[in-house]
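J.: For reference, the chains in residue letters:
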Amino acid sequence: MAAIELDLPLDETPASRFLVWFAGGLTYLAVLFAAATIFAQGTLQRLQERPRLVTIALPAIEDPAEADRQLSALRALIESFPGVAWTAPVAQDEVARLFEPLVDRAQGEEGRLKRMLPHLLDIRLLPSAEPDLPELLRQIRLAFPNALADNTDPDLTTEEELTRRIRALGATATVLSFLLVIIGVAVLTRTSLDLHNETVDLLRLLGAPDRYVARQFERYAAFAALRGGSGGFALALLTILGLLYGAPALGLSGIPIAPRPLDWVLLAAVPPAIALAVVVSARVAAVVGLRRLS
Amino acid sequence: MDQGQSQATILQLHGVGMRYGSGEEVLRDIDLSINAGSFHYLVGPSGAGKTSLLRVMSLSVPISRGKLEIFGSDVRNLDRHDIVRVRRRIGVVSQECRLLDHLTVFDNVALPLRIGGADEERIAAHVSQMLAWLGLADLMEAKPNRLSTGQRQLVAIARAVVTRPDLLLADEPTSNVDPARVERLMYLFTELPKLGTAVVLASHSRELLRRWPYPVLWMEGGRLTQPTVWTSLAAE
Numbered sequence: 011m012a013a014i015e016l017d018l019p020l021d022e023t024p025a026s027r028f029l030v031w032f033a034g035g036l037t038y039l040a041v042l043f044a045a046a047t048i049f050a051q052g053t054l055q056r057l058q059e060r061p062r063l064v065t066i067a068l069p070a071i072e073d074p075a076e077a078d079r080q081l082s083a084l085r086a087l088i089e090s091f092p093g094v095a096w097t098a099p100v101a102q103d104e105v106a107r108l109f110e111p112l113v114d115r116a117q118g119e120e121g122r123l124k125r126m127l128p129h130l131l132d133i134r135l136l137p138s139a140e141p142d143l144p145e146l147l148r149q150i151r152l153a154f155p156n157a158l159a160d161n162t163d164p165d166l167t168t169e170e171e172l173t174r175r176i177r178a179l180g181a182t183a184t185v186l187s188f189l190l191v192i193i194g195v196a197v198l199t200r201t202s203l204d205l206h207n208e209t210v211d212l213l214r215l216l217g218a219p220d221r222y223v224a225r226q227f228e229r230y231a232a233f234a235a236l237r238g239g240s241g242g243f244a245l246a247l248l249t250i251l252g253l254l255y256g257a258p259a260l261g262l263s264g265i266p267i268a269p270r271p272l273d274w275v276l277l278a279a280v281p282p283a284i285a286l287a288v289v290v291s292a293r294v295a296a297v298v299g300l301r302r303l304s
Numbered sequence: 207m208d209q210g211q212s213q214a215t216i217l218q219l220h221g222v223g224m225r226y227g228s229g230e231e232v233l234r235d236i237d238l239s240i241n242a243g244s245f246h247y248l249v250g251p252s253g254a255g256k257t258s259l260l261r262v263m264s265l266s267v268p269i270s271r272g273k274l275e276i277f278g279s280d281v282r283n284l285d286r287h288d289i290v291r292v293r294r295r296i297g298v299v300s301q302e303c304r305l306l307d308h309l310t311v312f313d314n315v316a317l318p319l320r321i322g323g324a325d326e327e328r329i330a331a332h333v334s335q336m337l338a339w340l341g342l343a344d345l346m347e348a349k350p351n352r353l354s355t356g357q358r359q360l361v362a363i364a365r366a367v368v369t370r371p372d373l374l375l376a377d378e379p380t381s382n383v384d385p386a387r388v389e390r391l392m393y394l395f396t397e398l399p400k401l402g403t404a405v406v407l408a409s410h411s412r413e414l415l416r417r418w419p420y421p422v423l424w425m426e427g428g429r430l431t432q433p434t435v436w437t438s439l440a441a442e
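From first to last, the protein sequence lines stand for chains A and B. Just so you know, we're using my numbering here: the first sequence kicks off at 11 and counts up by one. Just so you know, we're using my numbering here: the second sequence kicks off at 207 and counts up by one.
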């Protein structure tokens, strides 16, 4: 890419030249962190949209009327909980079939066997409502101390928690990258301003207003962001693609990631956002610095 | 030459003093009036304060006391935008030339026009004409660091006059220029007042003062000792 032509020889000073590398490096990091955030968000959504079924078991109650009363109370408690789609008692015949391999049918009567079986209740959770499953189970145990819960997808909560943490870390690191860009560009611009003090003085002598001089720094910052940012973005994409397709091949896959088209669009928006931060920061730093010089 | 007594005063200094930082005053009690279309030499020994006075006149440094009026305005009442407007009406040629070595000769001369927002067509016409007139047409695309000191001085002069300023302040503009070009430059400097530009030219050269006799402002020890001398050194 050709060098930019400006009244101030900004590409001749180390501080300004470093701006290209700085913008490139920060774009690389910001894209990686943003990718972690965006992909984690997509993964979280997919995890939460998975059908989730929890089964509650009440110990055997011999009195059928009492069993019905307790089941009704349990259903009422569960269905009042946010995020629960529905509850459905499992038919005792079905329960009997489940327990068949465990009991000696020959030794007991059919009716007595049924009375010895636990009462099972299936709970369907609404994924979109993000139900607080641990809290629901706690409330059930409080009301029915003998009840047992069987989460059919026991690792789901762990996966969700891990993905949530990755999303939070990624988002924090992305924000920090932007802050670092803003602060770093401001410092580099101020350093350049000091280094080019004499030329700035000459431009002012020739009738240049501060906004004209500030525009020089702004244009150079835009050039640096474009040059460094495009390199940083390309490198970040290679890294992401390497991680996405290389890790499973090496048997390193943990949580499955399947980026959506929108995720790539959002990622592509990161370099322009960084470039905007670079340009605005350079302009503000130059304007403030010029006021200090005058 | 008609010294334009009837013309408007564009620059007035009343009891002006100036110091750099907290040092001693380098200019003391300067009283001076410059009219539109006038020509003055600024003469004095080294260290007399000639460059400092030119810097005061170009609003490059603030005065520490007194009153400075330029183009009808007291500088104390000028805001940043006013100062920019005033500076665009002043052409400055410093001893060091202060060219931008990363730009071509053409771009250096075009700089004040670009800053002023002139369109490229007008810039190309003005700059080419100016450089051709100064004999620098072949060096338009050259970088200043490849020029001789005299050529650099010519470029600095071209840059100062290309906007046809109302006030031209030149510090030793002919000191490194060959005699043939000095003729040309002095022709330029003495023709500019006819177009309304006031010229203040600091020089050490007695030869210059003898050949082109114009009023002299004599400086010594930071003071104007003969504030409005209307005789040239040639008459001394």
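It should be emphasised that the hints constitute simulated quantities derived from the structure, not laboratory data. Ideal Cβ placement from N, Cα and C applies to all residues, glycine included. Check the hints yourself; a few may be wrong.
Take a look, some chain A residues computed to stay more than 12 Å from chain B by CB distance [as the list claims (entries may be wrong)]: (1) D160; (2) A181; (3) Y222.
Using C-beta positions, here's what the derived DEER-type ranges look like [said to hold, decoys possible]: (4) E347(B) with R301(A): 35 to 43 Å; (5) S279(B) with R221(A): 16 to 24 Å; (6) D235(B) with R221(A): 34 to 42 Å; (7) W31(A) with A331(B): 37 to 45 Å; (8) Q213(B) with W31(A): 53 to 61 Å; (9) R282(B) with D211(A): 18 to 26 Å; (10) D211(A) with D235(B): 23 to 31 Å; (11) R301(A) with P251(B): 34 to 42 Å; (12) R221(A) with R282(B): 18 to 26 Å; (13) E413(B) with R221(A): 30 to 38 Å; (14) D211(A) with A330(B): 26 to 34 Å; (15) R417(B) with R27(A): 22 to 30 Å.
EDC-like mimics (lysine to aspartate or glutamate), calculated; alpha carbons at most 20 Å apart, straight line [what the hints assert, rightly or not]: (16) K349(B) with E389(B); (17) K349(B) with E15(A); (18) K349(B) with E208(A).
J.: Against chain B, does Y222(A) hold up as non-interface, every C-beta pair farther apart than 12 Å?
T.: Since the minimum Cβ distance to chain B is about 6 Å, Y222(A) lies within 12 Å and the statement is violated.
J.: Is it true that the C-beta distance of E413(B) to R221(A) lies inside 30 to 38 Å, as the hint says?
T.: violated, 45 Å
J.: For the pair we were handed, K349(B) and E389(B), check the Cα-Cα distance against 20 Å.
T.: violated, 25 Å
J.: Taking 18 to 26 Å as the hint, is the beta-carbon distance of R221(A) and R282(B) inside that range?
T.: Given about 24 Å between the Cβ atoms, the range holds.
J.: Non-interface claim for A181(A): all C-beta distances to chain B beyond 12 Å?
T.: Its Cβ never comes within 12 Å of chain B, the nearest being 42 Å, so this holds.
J.: Take a look at whether the Cβ-Cβ distance between Q213(B) and W31(A) falls inside 53 to 61 Å.
T.: Because 57 Å falls inside the window, the suggested range holds.
J.: Against the range 37 to 45 Å, how does the distance between the Cβ atoms of W31(A) and A331(B) compare: consistent or not?
T.: Given range 37 to 45 Å: holds, Cβ gap about 41 Å.
J.: Using the C-beta atoms of R282(B) and D211(A), is the stated range 18 to 26 Å upheld?
T.: Between R282(B) and D211(A), where Cβ atoms are some 21 Å apart, the hint holds.
J.: May I ask you to test the hint 16 to 24 Å on the CB atoms belonging to S279(B) and R221(A)?
T.: Once the Cβ atoms are compared, 22 Å apart, the range 16 to 24 Å for R221(A) and S279(B) holds.
J.: That 34 to 42 Å hint for D235(B) and R221(A) (C-beta), does it hold up?
T.: holds, 38 Å
J.: Taking 12 Å as the cut and beta carbons as the points, is D160(A) off the interface with chain B?
T.: Per Cβ check, D160(A) is outside 12 Å of chain B; nearest 75 Å; holds.
J.: Holds or violated: the 23 to 31 Å window for the beta-carbon distance between D211(A) and D235(B)?
T.: 27 Å Cβ-Cβ, so the 23 to 31 Å window holds.
Of the hints listed earlier, those the structure fails to meet are numbers 3, 13, 15, 16, in rising order.
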